[in-house]
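With the hints as constraints, model all of the structure from the sequences given.
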Amino acid sequence: MTTGPAGHVARSTAVPNSETSRRTPKRTFLYTDDGVTIDSVYDPGAVVYDTGAPPSGDLAFVIAHGFTGDADRPHVRRIAGAFAQYGAVVTFSFRGHGRSGGRSTVGDREVLDLAAAVAWARELGHTRVATVGFSMGGSVVLRHAALYGRHGAGRGPESGSEREGRTEAHTDAVVSVSAPARWYYRGTAPMRRLHWLVMRPEGRLVGRYGLRTRIHHREWDPVPLSPVQAVPRIAPTPLLIVHGDRDGYFPVDHPRMLAEAADGHADLWLEPGMGHAEHAAADDLLARIGDWAVGRAG
Numbered sequence: 001m002t003t004g005p006a007g008h009v010a011r012s013t014a015v016p017n018s019e020t021s022r023r024t025p026k027r028t029f030l031y032t033d034d035g036v037t038i039d040s041v042y043d044p045g046a047v048v049y050d051t052g053a054p055p056s057g058d059l060a061f062v063i064a065h066g067f068t069g070d071a072d073r074p075h076v077r078r079i080a081g082a083f084a085q086y087g088a089v090v091t092f093s094f095r096g097h098g099r100s101g102g103r104s105t106v107g108d109r110e111v112l113d114l115a116a117a118v119a120w121a122r123e124l125g126h127t128r129v130a131t132v133g134f135s136m137g138g139s140v141v142l143r144h145a146a147l148y149g150r151h152g153a154g155r156g157p158e159s160g161s162e163r164e165g166r167t168e169a170h171t172d173a174v175v176s177v178s179a180p181a182r183w184y185y186r187g188t189a190p191m192r193r194l195h196w197l198v199m200r201p202e203g204r205l206v207g208r209y210g211l212r213t214r215i216h217h218r219e220w221d222p223v224p225l226s227p228v229q230a231v232p233r234i235a236p237t238p239l240l241i242v243h244g245d246r247d248g249y250f251p252v253d254h255p256r257m258l259a260e261a262a263d264g265h266a267d268l269w270l271e272p273g274m275g276h277a278e279h280a281a282a283d284d285l286l287a288r289i290g291d292w293a294v295g296r297a298g
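Going by my numbering, the sequence shown opens with residue 1, and the numbers climb by one from there.
Source of the hints: derived by calculation from the structure; they are not laboratory data.
Certain hints may be false.
Straight-line alpha carbon distances no greater than 20 Å define the calculated EDC-like cross-link-like pairs of lysine to aspartate or glutamate that follow [to be verified]:
#, residue 1, residue 2
1, 26, 70
2, 26, 123
3, 26, 58
4, 26, 72
Cβ pair distances, simulated, as ranges [what the hints assert, rightly or not]:
#, residue 1, residue 2, range
5, 125, 252, 23 to 33 Å
6, 275, 35, 19 to 29 Å
7, 212, 188, 21 to 31 Å
8, 209, 256, 34 to 44 Å
9, 201, 283, 33 to 43 Å
10, 211, 182, 34 to 44 Å
11, 295, 81, 14 to 24 Å
12, 218, 188, 24 to 34 Å
13, 75, 101, 18 to 28 Å
14, 295, 186, 18 to 28 Å
None of these values were measured; they are calculated from a predicted model.
The beta carbon of each residue, even a glycine, is placed where N, CA and C say it ideally should be.
Below you can see the structure in the form of structure tokens.
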């Protein structure tokens, strides 16, 4: 395991010294605390809104994609383009996805990938960061917010030395879209197919060659903090839970469990007619999320 911080990068990413340099797109590989290289992209955002008002220059959105996504997928680029109207955007590929190293642990070690991306956004000079996750990424942003507090110390059964003192990896607002509330859910046909993909050798071959996703063969040991266990630990960081009432993967009892666990701290948006994750997130919903983050992130 490496001893460098979660936001340490594989090549130079000096903090920009001028407004012009801050507007220059960047691409690099980040090192996670367990030594995995994460392909990451920084978009400094639009110069102005469509309305003529400037975006919030100090705010960065860090986007955590769903399982089998990556930073170059069209649906991830669409999400990035929508949030670029509200601030800078960092996208990255989770381990085992796209050009990143390692193998996917389907939401466990991925919290280290997100921590590296958040730390990079702060290294680039952004004083406010909003994490926005979809599906698997939605569970990761919840666990990340619980484990990387504003004062840097990890909390709960997953806290450890690699998380302590990491103030640069904390988030100022959390948006979880289409996330599960609990692990090992098999109540829908898509989730039964996903478990076959992850748990069976032939499924992992399909993932590698058919979906460009390299999946780790080892089962979780120990089982990570579940999303519903993570939510009570997020306060006082603002939290938004978004879910479609026609989600084919996780029915609406999942977001309701998450909101109940927040005990009044979270905002819950149940979206009529919405399906699952990035593909189902309409432009107007992304605009509302952008507005919410600008108003709540610090």
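Going down the list of hints, with the structure as the test:
no. : hint                   : verdict
1   : 26 to 70               : holds, 16 Å
2   : 26 to 123              : holds, 13 Å
3   : 26 to 58               : holds, 17 Å
4   : 26 to 72               : holds, 14 Å
5   : 125 to 252: 23 to 33 Å : violated, 40 Å
6   : 275 to 35: 19 to 29 Å  : violated, 37 Å
7   : 212 to 188: 21 to 31 Å : holds, 24 Å
8   : 209 to 256: 34 to 44 Å : holds, 38 Å
9   : 201 to 283: 33 to 43 Å : holds, 40 Å
10  : 211 to 182: 34 to 44 Å : violated, 24 Å
11  : 295 to 81: 14 to 24 Å  : holds, 21 Å
12  : 218 to 188: 24 to 34 Å : holds, 25 Å
13  : 75 to 101: 18 to 28 Å  : holds, 23 Å
14  : 295 to 186: 18 to 28 Å : violated, 38 Å
Consistency note: the structure conflicts with the earlier hints numbered 5, 6, 10 and 14.
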